[in-house]
Each structure stands twice: as structure tokens, then as C-alpha cells.
Amino acid sequence: MNRQEAIRVIMTTIGAQDVVVSTTGLISREIFEKFDSERNIYVPGSMGLASSIGLGLAMTQPMMRVVVIDGDASLLMNLGSLVTVGNKEPTNLLHIVLDNGAYASCSEERSMSDTARLDALAGEVGYQYVRTADSQDDLKRAIMEFGRGPGFILAKIELGGRRDFRRPLELAAIKNRFMLFLARQTQGD
Amino acid sequence: MNQSDKSVFNTLAGDRSEKADLLHGVFRELGVNFASGVPCGVLRHIIRNFENDAAVIHVLANRESEAVGLAAGAYLGGKIPVIYMQNSGLFSASNDIASLLIPYRMPIFFVVSYRGCEGEDAVQHLTTGRATERLLESFSIPFEVFGNQNLGDLTRSLFETMRKAELPVFLLLKRGWHQ
Chain A
1 MNRQEAIRVI MTTIGAQDVV VSTTGLISRE IFEKFDSERN IYVPGSMGLA
51 SSIGLGLAMT QPMMRVVVID GDASLLMNLG SLVTVGNKEP TNLLHIVLDN
101 GAYASCSEER SMSDTARLDA LAGEVGYQYV RTADSQDDLK RAIMEFGRGP
151 GFILAKIELG GRRDFRRPLE LAAIKNRFML FLARQTQGD
Chain B
1001 MNQSDKSVFN TLAGDRSEKA DLLHGVFREL GVNFASGVPC GVLRHIIRNF
1051 ENDAAVIHVL ANRESEAVGL AAGAYLGGKI PVIYMQNSGL FSASNDIASL
1101 LIPYRMPIFF VVSYRGCEGE DAVQHLTTGR ATERLLESFS IPFEVFGNQN
1151 LGDLTRSLFE TMRKAELPVF LLLKRGWHQ
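Those protein sequences? They're chains A and B, same order as listed. Take 1 as the starting number for the first sequence in the numbering used here and just add one per residue. Take 1001 as the starting number for the second sequence in the numbering used here and just add one per residue.
Here chain B stands alone, though its shape is the one from the complex (with noise of 0.2 Å):
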């Protein structure tokens, strides 16, 4: 993580970001047309994105156990959603993904910011930042951490992963991820 990323936390950045602007394009040919999720700065670009296109529905929560029940309506009502989160939320909604999304077989992807990770400088990230890819093994569903793979690629072939398994599928992006 280099400086300018870690300044983004205590400034309110306008910057755009390429990769975030081909994951969105990404998303949009995949048919994403809901989005619902609890904000992270590692996430603004994405949020930004949904909130501007007037094809997505983009409904905030206040939690994450409440996105996940927003983003599993809309998909009994035949939308394609996308759910957002911090990786720290993520262990607030496990129960809802275990209990909701698992047995009733929704398929319905995730971008989770992954915070805790090498060079994290905020102490209350640290241990869930230690449990969160042993927290999605141990729940058996698919995920994916973004570093140098083609962003597009990783996107669509978790994306079809999703489909064929009929689960809940996460792909995990660190601080200075849209760089």
C-alpha cells in the first residue's frame, strides 16, 4: 500500500479508478442491475459507480446482515444483485449467508474490502483480517483474492462459478486494489 492510499482514509478523494470503472462495466454485462451493501473507503469507486447508474438499483443498508436480505429479495424478484461490504462486516452477516443465501441456494455475488492484511495500520482489523479466508473455507463457498490476475477475467469466471454452484460467491479486494 503506498501513501496516497493511506491518506484516502482521513480525506475525502474524487479520484475515479480505472479498475473500479472496468468492474463496474464488468458487472453490467454480467446483468448486475442491484446493488446493496454497507460503505467502505476501499470500496468508494465501486459504491460511486452503482449510485450513478441509473440502471442499478442501489439500495445502502445499515448493516450487512440487512444487505443481505435486501439483495436476496431482489433476487426472488428476478435482479441480478451485488452486495458490498468490509471484510469486518462480513463476520456480522456470516449467519445470514449460512442460514439465508447457503440453504435456499442464491446465487449472489460479493466484493468485500479486505482489511487486516499485510501493513494495516488499524488494530480492530487484525483479527478478522486473520480469519476471513478461513471463515469463507470453512462455510465451503467460492471466493477469490485479487492481486495480479486480469480484473475482468477474475470477474467473469467467479461470476460463472457462482451460476454453476448456485452459492453465494466473494471475490476480496485489499487497500489500493483500484490502483
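Just chain A, with the same shape it has in the complex (with noise of 0.2 Å):
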């Protein structure tokens, strides 16, 4: 599974209504110019944020659910908020990590993900539904199969792909695009 498929399988697998929240680089380039729909909020900069603001939004608007899509790296960058998501149980919070090993929207440099059993990791400290993915189908059933949070989803990805997507650029306006729909899932409209 290489990264446009896994993205395809999430983006295509997950709820009309669920929200998307994607990490820096690649991952939110891809999503923007695929997927991209009022739904999504992309982390262009503060690179390890992503399951922070998902987090924040979970718990905020606890009848929806949220789709974080984070890789590797980033996760790694801000460790901590495993733990705090752990803590606080959001059961709408599905958080997907996208492994490939590496700073791939760098230089490919390699982290240090392969020695870190991040899915054991997130088990340790409070996630409720744990899964790991190697293939398509496997995430699409760890998708499908998710119901009560936190979740994580470890999803192994091989190295490489395309790099030439265009760059969210106006971000206020997808926050605004962003706050309507969300209003408008809550009135029920």
C-alpha cells in the first residue's frame, strides 16, 4: 500500500458527515487536491498538530466524529498528545497514522518510527480500538469496524509517491468553509 492508495481507502471509506484533519506536508498536498471538501481542515505548518486539533475538536462537538490523518513523524513530534488523547477518551476521535518511516515530505529522511511500536504504544496509554494495516483491505476493515474511541489505526505505507500537488493557500477561507459546515451538521440541516 503506497500513500495515494491509502488515502484513496480513507477518504472513501469514512462518513459523509465525519470530519478530516491532516498533517503537515504530503498527506494534507494529496487530501487538498484529490478530496479536498469543506469537511477538511489541513495543517500546513505546525508540523505535529494535527491529532492536537483533532482532539480539541472531539471534544468540543462530541457528536461528530473526527478523522485524523497523521504520519509518522509528526506523530513523533508531538508524542505527548498520545497521552493526553488517551486521557481524555474522545469516542469520536479515530486517529490514523500513515507510517512509512520517514520525513517523506523532506528528503525522505528516516525516523525512528520502526522502533517504536506506536500502536502498542497508543494501547498503553488509553486508546480504546487499536489497529494496525498493511494492505488496502486491511485498512478499509479497521475503518469500517471502528465504533467507540479513541482510535488508532497504525497504517504501514511503502516510501515514496508523488510530490508535485499544488499547497492549500487559503486557509481562512477553508476555516470559514470549515465553521458553516459544521453549524449546519449540528442544526441537523
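Careful, some of the hints might be misleading.
To be verified - Cut-off 20 Å, straight-line C-alpha distance, at most; resulting in silico cross-link-like pairs (SDA-like, lysine to any residue):
1. A:K175 - B:R1105
2. B:K1164 - A:I174
3. B:K1019 - B:N1150
4. B:K1164 - A:T186
5. A:K175 - B:I1047
6. B:K1164 - A:A172
7. B:K1164 - A:T91
8. A:K175 - B:R1163
9. A:K175 - B:N1095
10. A:K88 - B:E1166
11. A:K34 - A:R177
12. B:K1164 - A:L171
13. B:K1019 - B:D1153
14. A:K88 - B:K1019
15. B:K1164 - B:R1130
16. A:K175 - A:T186
17. A:K88 - B:R1063
18. A:K88 - B:R1163
19. A:K88 - B:E1051
20. A:K175 - B:A1165
21. A:K88 - B:A1054
22. A:K88 - B:D1053
23. A:K88 - B:P1039
24. A:K175 - B:E1166
25. A:K175 - B:A1098
26. A:K88 - B:N1052
27. B:K1164 - A:M179
Derived by calculation from the structure, the hints in this document are not laboratory data. Note that the structure is predicted; figures quoted are calculated from it, not measured.
The task is to assemble the complex, starting from two chains supplied on their own in separate frames and drawing on the hints.
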């Protein structure tokens, strides 16, 4: 499974009303180019904060399901967030980590995820649903079987893939349409 | 700074602060219903008030950057958040303010304790103390240092600036501010 396949599986398997917070670099850029939607929040800077933003959203919008699409290196950059999620136990948060063992958006420098056992760590700190996925079928099943969170899916992906995606630039407009989307959802419109 | 305020760093005083209670009341009047941050002794009364108020979702963060992310998520979720931290932590979180809150135009109110000022007895605060106001100026974000002003008026006015500018704003509180 490569990044393109993993992102396609995630974005076509999660519910239509789920909100998405995606991490810095190629993950956000690929989602922005192929699956841009008013339900998406991209984290182009502040690397590592996707899971924190997702937790803040999940705690304040308990009726919405929040899907965080993280990377291995960005999770490692804000590893304390894993503990905070486990402590706050948001049942509506699904944290998916695309693990290619590298800072793929930079120059593919190796991260330390290969010795970290991030899935075991998530379980130890309080995530209620933990899965690993090595194939598109595994990933799809892990997303479909997710019920009560916080959930953690470690999706192993191959390094490499397209790099020439455009960037999300109009961030204030992305924020405004996201907040309007949430307002419509919560009004049952 | 008087001696009783200095001693608080070596003891766990359980005193109340009228100024902190006033500030909390103003926060609630302005709709604040989410708080996140990293503790600092100078802010202890403010943190306790957040913790004891069932109308405020309060999430302690492991690092200041994490508090920025949590508050950004809460803001997107429709809450009115406050972030608190020491100015040392402001430097840790500075890129998150610059690359998340500012380009997304998220109006978030920061309460930051201002160490490294005159009378500082801890050398680790001196460099960040000298640089704090210049950091905020260089980001072109509004801030106020609380001194002899009316704290309620100052906070309301800074909130208004925040909402108009759609930017984070900063209230800096020096040691002894709460007396």
C-alpha cells in the first residue's frame, strides 16, 4: 500500500459527515488536490499538531466523528498528544497514522518509527480501539469496524509517490467553510 | 515584587486572588468556555478558576504547542478558547502561532506570565524576558502588559481587538499581578 492508495481508502471509507484533520506536507497536499471538501482542515504548518487539533474538535463536537490523518514523524514530533488523547478518551476520535518510516515530505530522511511500536504505545496510554493495517483491505476493514474510540490505526505504507501537489493557500477561507459546514451539521440541516 | 510573592515558588499557597476572580468573570462574560495551557505559578489562580468552572472545558497540555493545537480545534468546534502559558513557553509555541493561528486567522486569547522582568531571580528567564515583547511585535500581533490599568477594561478591549483583527492577542501578566 502506498500513500496514494491509503489516502484513497480513508477518504472513500469514512462517513460523509466525518470531519478530517490532516497533517503537514504531502499528506495534506494530496488530500487537498484529490479530496478537497468543506469538512477538511489541513495543517500545513505547525507540524505535529493535527492530533491536538483533532482532539480539541472531538471534545467540543462530541456528536461529530473526527478523523485525524497523521504521519509517523509528525506523531513523534508531538508524542505527548497520544497521552492526552488517551487521558481525555474522546469516543468520536479516530487517529490514523500513515507510517512510511520517514520524513517523506522533506527528503525521505528516516524517522524512528520502526523501533517505536506506536500501536502498542497507543493501547498502553488509553486508546480503546487499536489496529494495524498493511494492505488496503486491512485499512478499509479497520476503518469500517471502528466503533467507540479513541481509535488508532497504524497504516504501514511504502515510501515514495507523487510530490508535485498544489498547496492549500487560502486558509482563512478553508476555516470559514469548515465552520459553516459544522454549523449546518449541528443544526441538523 | 514583594517577598510573599517570591515565596510562593517554594510553597503551594492556596490563597485566592480578587483580580484573578475578576478576570475569570470577564472571561465568562465574553463567552470563554474552553481553556488549555501549561501551568505557571504566576497564573495559578487563573488555572484554578478554569479547573473549578464546570462551564469551561479545561485541558492541561504537555507542551505549549499542544495547547495551541487543542485551542485551535476547540475554536473550529465553535468554542471560545483561552490559552495560558509562561513566556518561556511562548517561544516554544511561536511557530505554531505563526504558522497555524495567524494564517488561519484564528482569534484566540492568550494569558502569558511575563518572567524575566525587573527583579527576576532566575537566570533562565532573562533572555526570553528581554525578547518577549519584541517577539510579539515582530509577529504584528496585539498585546498588552498589565500594570496599573483596570484589568476588566483591558481584557474587554483586547478581546474586541482580537475579534476585529481575527488574530491571536496576548495579555502579559508579571509576577505579583494578582495582588
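Results for each hint:
1. A:K175 - B:R1105: 8 Å, holds
2. B:K1164 - A:I174: The hint holds at about 19 Å.
3. B:K1019 - B:N1150: Holds - the C-alpha atoms of N1150 (chain B) and K1019 (chain B) are around 10 Å apart, at most 20 Å.
4. B:K1164 - A:T186: Violated, because 26 Å separates the two Cα atoms, which is more than 20 Å.
5. A:K175 - B:I1047: The given pair, whose Cα atoms are some 29 Å apart, is violated under the 20 Å limit.
6. B:K1164 - A:A172: Judged against 20 Å, a Cα distance of about 14 Å means the pair holds.
7. B:K1164 - A:T91: 35 Å, violated
8. A:K175 - B:R1163: Roughly 15 Å between the alpha carbons, so the hint for K175 (chain A) and R1163 (chain B) holds.
9. A:K175 - B:N1095: Given pair K175 (chain A), N1095 (chain B) holds - Cα atoms ~19 Å apart, limit 20 Å.
10. A:K88 - B:E1166: 29 Å, violated
11. A:K34 - A:R177: 18 Å, holds
12. B:K1164 - A:L171: Distance of about 18 Å is within 20 Å: holds.
13. B:K1019 - B:D1153: 12 Å, holds
14. A:K88 - B:K1019: 30 Å, violated
15. B:K1164 - B:R1130: Violated, at about 29 Å.
16. A:K175 - A:T186: Cα-Cα ~16 Å, so holds.
17. A:K88 - B:R1063: It holds: about 16 Å lies between the C-alpha atoms, which stays within 20 Å.
18. A:K88 - B:R1163: 29 Å, violated
19. A:K88 - B:E1051: 15 Å, holds
20. A:K175 - B:A1165: 15 Å, holds
21. A:K88 - B:A1054: 16 Å, holds
22. A:K88 - B:D1053: Holds, because 17 Å separates the two Cα atoms, which is no more than 20 Å.
23. A:K88 - B:P1039: 18 Å, holds
24. A:K175 - B:E1166: 12 Å, holds
25. A:K175 - B:A1098: With a Cα-Cα distance of about 16 Å, the restraint between K175 (chain A) and A1098 (chain B) holds, given a limit of 20 Å.
26. A:K88 - B:N1052: 17 Å, holds
27. B:K1164 - A:M179: Since the Cα atoms of K1164 (chain B) and M179 (chain A) sit roughly 18 Å apart, the hinted pair holds (cutoff 20 Å).
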